[in-house]
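Let chain H serve as the given structure and place chain Y on it in line with the hints.
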Amino acid sequence: MQNANAKRSNMSKARGLGSAQGGTSHWWHQRLTSVALTFLGLWFLYALAVHIPHTHEGVVNWMQNAWNMSLVLLTILAALYHGALGLQVIIEDYVHTEWVKMACIYTMKFTFVFMWVTTIVAAIRIQSL
Amino acid sequence: MTQSKRPLSPHLQIYKPQMTSVLSILHRFAGVSLSTGLFALVYWIYAVAAGASTYEAMLSCYQGIVGKVLLIGWCVSFFYHLSNGIRHLVWDMGHGFELPHVYVSGWIVLATTALFSAMSLVFIF
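If you read the sequences in order, they're chains H and Y. 8 is the number of the first residue of the first sequence in our numbering; add one for each residue after it. 4 is the number of the first residue of the second sequence in our numbering; add one for each residue after it.
Hints in this document: simulated from the structure, not taken from any laboratory. This one's a predicted model, so the numbers in the text were calculated from it and none came from an experiment. Cβ atoms here follow ideal geometry from the backbone N, Cα and C, with glycine treated the same way. Be careful, since some hints might not be right.
Derived contacts from chain H toward chain Y, CB cut-off under 8 Å, selection only [as the list claims (entries may be wrong)]:
(1) 36
(2) 38
(3) 48
(4) 95
(5) 97
(6) 98
(7) 116
(8) 120
(9) 122
(10) 133
As a list, the in silico DSSO-like pairs of lysine-lysine whose alpha-carbon atoms are at most 27 Å apart [what the hints assert, rightly or not]:
(11) Y:8 with H:20
(12) Y:19 with Y:8
(13) Y:8 with H:108
(14) H:20 with H:108
So that you can see chain H by itself, here it is in the shape it has in the complex (with noise of 0.2 Å):
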């Protein structure tokens, strides 16, 4: 590497380290998400312990009805940003070899994207049931 490097110019070797420049819309759209799972994640909880039936039918009637679908599929859209969101932030802080963080990040956020995708498909059968 570092023969490879001497003939760079001092302005070329700096370039791509800096500030990707996304660290307040990171910061602005964690406390967004934040804010919204105050009473998603609320709602859902008490959803959960009082009203969606135990049995298969009754679950799956109540999902049928689109508002609580819609509230479920907010729910976790929204914990699944603000999850990918914090996690990356743990992974900056304690992974400091710059190829594994990179490749933390992009495990963890490819595995947030399937589980998104596993939930829409989900909530379309759901309706056909």
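For chain Y alone, coordinates are given in the frame of chain H:
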């Protein structure tokens, strides 16, 4: 970047645990715990879509001892992360930074967590 051999600050092995630092790291632990809970949440909606037998299998998972311990863990994590998160939002708005206030809000967070977690036990059992 070359890895330096110098010790990293803060020196956790000689640091006396304080309420401020302990509550702070617990917020992260609760967050990680809740992230693993997301798998359970997605599994729940998947199981409903997959049909009655998968749904019943999921229910029996959560009625076993391991399932119940996990549910209790996620409930405690949720209420802690929620109440301490509200504490953080108040800080973000610029209030409550005086040291006595930090301790009072810390105790309120712990009391709220204990109360709501105890309430959730009723529904888990």
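Status of each hint after checking the structure:
1. At its closest, the beta carbon of residue 36 of chain H sits 14 Å from a beta carbon of chain Y; the interface hint therefore is violated under the 8 Å criterion.
2. Annotation: interface hint on residue 38 of chain H holds; nearest CB of chain Y at approximately 7 Å, less than 8 Å.
3. For residue 48 of chain H, the interface hint holds, since its Cβ comes within 8 Å of a Cβ in chain Y; the closest pair sits about 6 Å apart.
4. Because the smallest distance between the Cβ of residue 95 of chain H and any Cβ of chain Y comes to about 11 Å, over 8 Å, the interface hint for this residue is violated.
5. The beta carbon of residue 97 of chain H comes within 6 Å of a beta carbon in chain Y, closer than 8 Å, and the hint placing it at the interface holds.
6. Checking residue 98 of chain H against chain Y: minimum C-beta separation of about 11 Å lies over 8 Å; hint violated.
7. Checking residue 116 of chain H against chain Y: minimum C-beta separation of about 12 Å lies over 8 Å; hint violated.
8. A least Cβ separation of about 12 Å between residue 120 of chain H and chain Y goes past the 8 Å threshold, and the interface hint is therefore violated.
9. The closest approach between the C-beta of residue 122 of chain H and any C-beta of chain Y is roughly 5 Å, which is under the 8 Å cut-off, so the hint is satisfied.
10. Because the smallest distance between the Cβ of residue 133 of chain H and any Cβ of chain Y comes to about 5 Å, under 8 Å, the interface hint for this residue holds.
11. Simply put, residue 8 of chain Y and residue 20 of chain H have alpha-carbon atoms about 24 Å apart, close enough for the 27 Å limit, and the pair holds.
12. Restraint check for residue 19 of chain Y and residue 8 of chain Y: satisfied, since their Cα atoms lie roughly 24 Å apart, inside the 27 Å limit.
13. Distance hint between residue 8 of chain Y and residue 108 of chain H is fulfilled; the C-alpha atoms sit about 20 Å from each other, no more than 27 Å.
14. Among the hinted pairs, residue 20 of chain H with residue 108 of chain H is consistent with the structure: their alpha-carbon atoms are about 20 Å apart, no more than 27 Å.
In the structure shown, a violation is registered for the earlier hints numbered 1, 4, 6, 7, 8, in ascending order.
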